[in-house]
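Peer 1: Here is what each chain is made of, one letter per residue.
Protein chains: 2
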Amino acid sequence: MSIAEKPILSMRQQICETVRAEVFAGQMTNDQPVREQPLAERFGVSRGSVRDALLQLSQEGVLVYSPNRGVRVSSPPSDTEFRLYAKLRKEIEGHCLDVCMDQLTEEDDRNLTNLLATLEDSCRRGDLSKITETDLAMHRYWVSRASTELESVWLSITVRMLIAYTLLEDYMQCYQEHAAIVEAIVRRDLKTAKRAMNENIRYK
Amino acid sequence: MSIAEKPILSMRQQICETVRAEVFAGQMTNDQPVREQPLAERFGVSRGSVRDALLQLSQEGVLVYSPNRGVRVSSPPSDTEFRLYAKLRKEIEGHCLDVCMDQLTEEDDRNLTNLLATLEDSCRRGDLSKITETDLAMHRYWVSRASTELESVWLSITVRMLIAYTLLEDYMQCYQEHAAIVEAIVRRDLKTAKRAMNENIRYK
DNA sequence: CAACTTCGAATTGTTAACAATCAGACAATA
DNA sequence: TATTGTCTGATTGTTAACAATTCGAAGTTG
Numbered sequence: 059m060s061i062a063e064k065p066i067l068s069m070r071q072q073i074c075e076t077v078r079a080e081v082f083a084g085q086m087t088n089d090q091p092v093r094e095q096p097l098a099e100r101f102g103v104s105r106g107s108v109r110d111a112l113l114q115l116s117q118e119g120v121l122v123y124s125p126n127r128g129v130r131v132s133s134p135p136s137d138t139e140f141r142l143y144a145k146l147r148k149e150i151e152g153h154c155l156d157v158c159m160d161q162l163t164e165e166d167d168r169n170l171t172n173l174l175a176t177l178e179d180s181c182r183r184g185d186l187s188k189i190t191e192t193d194l195a196m197h198r199y200w201v202s203r204a205s206t207e208l209e210s211v212w213l214s215i216t217v218r219m220l221i222a223y224t225l226l227e228d229y230m231q232c233y234q235e236h237a238a239i240v241e242a243i244v245r246r247d248l249k250t251a252k253r254a255m256n257e258n259i260r261y262k
Numbered sequence: 059m060s061i062a063e064k065p066i067l068s069m070r071q072q073i074c075e076t077v078r079a080e081v082f083a084g085q086m087t088n089d090q091p092v093r094e095q096p097l098a099e100r101f102g103v104s105r106g107s108v109r110d111a112l113l114q115l116s117q118e119g120v121l122v123y124s125p126n127r128g129v130r131v132s133s134p135p136s137d138t139e140f141r142l143y144a145k146l147r148k149e150i151e152g153h154c155l156d157v158c159m160d161q162l163t164e165e166d167d168r169n170l171t172n173l174l175a176t177l178e179d180s181c182r183r184g185d186l187s188k189i190t191e192t193d194l195a196m197h198r199y200w201v202s203r204a205s206t207e208l209e210s211v212w213l214s215i216t217v218r219m220l221i222a223y224t225l226l227e228d229y230m231q232c233y234q235e236h237a238a239i240v241e242a243i244v245r246r247d248l249k250t251a252k253r254a255m256n257e258n259i260r261y262k
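Note that the protein sequences, when read in sequence, are chains L and H.
59 is the number of the first residue of the first sequence in this note's numbering; add one for each residue after it.
59 is the number of the first residue of the second sequence in this note's numbering; add one for each residue after it.
It should be emphasised that the hints constitute simulated quantities derived from the structure, not laboratory data.
Any given hint could be a false lead.
The following label-pair restraints were derived from C-beta to C-beta distances [to be verified]:
#, chain 1, residue 1, chain 2, residue 2, range
1, L, D166, H, A175, 51 to 57 Å
2, H, R127, L, N88, 33 to 39 Å
3, L, T176, H, F101, 26 to 32 Å
4, H, R127, L, Q90, 55 to 61 Å
5, H, Q71, L, T206, 23 to 29 Å
6, H, E80, L, Q72, 31 to 37 Å
7, H, D167, L, E241, 53 to 59 Å
8, L, P96, H, N172, 44 to 50 Å
Bear in mind the structure is a predicted one, so any value in this text is a computation, not a measurement.
Note that the Cβ used here is the ideal one computed from N, Cα and C, for glycine as well.
Work out the full structure, taking the sequences as your base and the hints as a guide.
Peer 2: Quick look at the structure:
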């Protein structure tokens, strides 16, 4: 994404992105409360903005909220729920590929290729939190290109799956799978792209 | 639900429920902004609580939020998105019936039967906003019994479908369909309940 | 007359102080 | 000992004032 069109994220969005990434990086253990005051000091803002962000992350499913008791990191879903989420994700992402495939530009191709390069690097280094972040960003890319409405639904499903992201057995396989998706997208080969995407979103 | 266990809704939840119902009742036209101050005065609270509620409704998909410009009622989804939402809803509600069928109590049966009676009355009177409200409450019932996590995902999908709820062709058919679902549930007949539910969640 | 600039009212964004609530420690009691 | 009640510090919930931003209505200029 070029600098000129980089959107200026609101304070709330910044906090959301940061905290969400840290949850996926495992830097926040579940069942341990996430306090407002420390986060406010860290970001140099007041509790109000932090509250907004934590509320949004609760709606997303990254955190769970208890009245008068604050928020904590969500627990992983059960196996049956995980499988349901995987199924829903496949249908949403398949729909999004249908919609956006024809309207992708060469810049989109470049952005996806760059994300793929970042993913490859992260996989080689074995940087799990960066892998998760980039994986999320790639899938999010074609979803957001199709529909911002769907993006919100998709995110709330996907974050619940990622809470369960403990360990990959094979980093390079993760890269290979995404390479196959991106390659098919760049060729505008819808059928192959969808098949590759379906294989990547696996049951546990 | 007995009085003893009726949960005391937080201010935010109260505002959410009320505004959401009014959006579905068509009392708020889309593309017209929803202002914070009037709502705050109406509920007798400060803007902060209203902000929280509007933010939550934006996450849900009932409202759309623009930075520095407030929120407005969402626009109906496209036909293809509507069909996708319907598909996702069927899978979620089917899963929820699977999960909760065995653990429903006689009190649940009574609650569902009461909701059905309310729906019948609303359909006879042709009170569209009440029909929508009760319809939502019934489906929500078995979803919430299965999983509060899924309830949140389900709601964000379902509200987007209901934004498109303009007119039913036949009120009593709506009642009949729900009667079939509840009857099967009370008999703990999973297969019939799921089939009836699938028929009720129709494409446009 | 069309395009641009400036200004101000309306609205949202942010903050800090205050109120309400909760969890845990500790003491009193049967 | 197990239970209950009470206190206290920590945390969230709410509020009202202030800051920043938007948008439209004027006015200005070519």
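Peer 1: Take the hints in turn and mark each one as holding or not.
Peer 2: The hints, checked one at a time:
no. : hint                        : result
1   : L:D166 / H:A175: 51 to 57 Å : 53 Å, holds
2   : H:R127 / L:N88: 33 to 39 Å  : 36 Å, holds
3   : L:T176 / H:F101: 26 to 32 Å : 47 Å, violated
4   : H:R127 / L:Q90: 55 to 61 Å  : 37 Å, violated
5   : H:Q71 / L:T206: 23 to 29 Å  : 26 Å, holds
6   : H:E80 / L:Q72: 31 to 37 Å   : 32 Å, holds
7   : H:D167 / L:E241: 53 to 59 Å : 54 Å, holds
8   : L:P96 / H:N172: 44 to 50 Å  : 46 Å, holds
In this structure, the hints that do not hold are numbers 3, 4, in rising order.
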